[in-house]
Amino acid sequence: MFLVEFIGRTTLNFIGKLGQRLVFFLEALYWGLRPPFRLFEVAKQIHFIGVKSLFVIILTASFTGMVLGMQGFYTLKKFGSEGLLGAAVALSIIRELGPVLSALMVTGRAGSALAAEIGIMRITEQLDAMDTMALSPMKYVVAPKILASLVAVPLLTAIFDIVGIVGGYVVGVHLLGVSGGAYTGSMETSVAWKDVYSGIMKSISFAALMSWICCFEGFYADTYSGHGAEGVSHATTTAVVLSSVNILIWDYFVTSVMI
Amino acid sequence: MIRIKNIRKNFAAQEVLKGLSLEIPKGRITAIVGPSGCGKSVLLKHIIGLLKPDAGQLFVSGEDICQLNGRRLNDIRLRFGMLFQGAALLDSMDIFENVAFPLREKTRLGKKEIKERVDRELKNVGIVGMNAKYPAELSGGMKKRVGLARALIMQPEIVLFDEPTTGLDPIMKKAIHRLIYDTQRRVGFTAVVVSHDIPDVFEISDDVAMMYGGVIIEQGTPEVFQSSGNPVVKQFLKGEVTGPISVS
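As they're listed, the protein sequences go chains C and Y. Going by the numbering used here, the first sequence opens with residue 21, and the numbers climb by one from there. Going by the numbering used here, the second sequence opens with residue 1210, and the numbers climb by one from there.
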């Protein structure tokens, strides 16, 4: 009897929380897509999420591309197919590593900051103050962050893709002696528009997932045990862990559909 | 003006409001006092609709705000101003933007009119020449003053003060109390001041209500309140450790 009760309570709790998250996301989209648009605030957030993440994205992309170039070269060499290095690097990055690693990097750098910022606004009653002025925190705080993520993360992914491919080229062509023409030629013949499209669609969905989870955790930071700074710290950690895990799980399902 | 009827509120297993009833008259200053943690701020958040009671009714000008959501609730909230315990100024905005924020978003006033109104309101609370400063650069007393200016900028009918003098030195406490009193007398709004600042808060109050055990146990003018025979009120007024109010 106790076990049935426990399963029932846990299931209801889970469904309730899922519903709360869904309503939160839909409400944020409603406010974000409803005029007047807060373009200045969205631009400010694009600067924070996008421009300020550029360095870490370029760094990660260049080394990911270089490692792929090196690993790919020695693997392909076993089959006498070094000429396909460009295709191997480009397809791996455009279809998989670009979207996933960009989203994970942005989660670590900007997602945690989004959760912490909103969490601090919650515990210092700034969100309540907005409510008392009949100004929706969803409109002024959450929606611009989610919209900005939807713009910034795909752009960062595109930059990651380019830098990663260049990293692979530097290692493959300049260090390991693959022909430059073969590298770019194999890339050109094997990368289709569908690959680019699926990578960009993935990164948009990861951006939505990351910003949604991080904003939600920050928004309800006061519901964690140990209110105040401890609550914000808990919310931030949960936001980063949940976002990262969900990005990886979601990636599998999107890949199965889009492959 | 505000009529609270038998409201109850639980947080997990803890019942904070246990059928609390209270009437707050129009155009007067009503102080709500009580020991720390007795639920005064929770009550204030119910009055402005930030929290909804588990049971009971809360009427503002005859309308039960517990039944309202969305736009209707926002319409009611526009009649309120609220000064939070920590002022709750928006960190990302400077002082001017903080006070101008509701005017910009909720009125069609032009830039010039907004500037005039914000400058006037800030001057009324004694903040001059600091428009470009950010909340992090202000002292506690200054934050409260800016918070008060923001609470009053929409010319509300009702202003709620959540422990407006907590954490301030005695001189600043008197100054904030004086500011609340003078502004209320000048503008005529209905004020609800939650405080445990005894006896200073009596100097500015027209009515005092004491909250204890999730209900209002005593209400009256400051004079009537201070001569109450209720042992809980007596202990609270004298600040004694022993008595019906448990310190643990």
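Source of the hints: derived by calculation from the structure; they are not laboratory data. Among these hints, one or two may not hold up.
Claimed, not checked - Negatives, chain Y to chain C, calculated, CB over 10 Å:
1) Gly1271
2) Asp1273
3) Asn1283
4) Leu1287
5) Gln1294
6) Gly1295
7) Ala1297
8) Asp1300
9) Arg1387
Stated by the list, open to error - If we take Cβ atoms under 7 Å as the criterion, some of the chain Y residues that face chain C in the derived model are:
10) Met1291
11) Pro1311
12) Leu1312
Ideal Cβ placement from N, Cα and C applies to all residues, glycine included.
Enumerated hints in conflict with the structure, sorted upward: 3, 4, 5, 6, 7, 8 and 12
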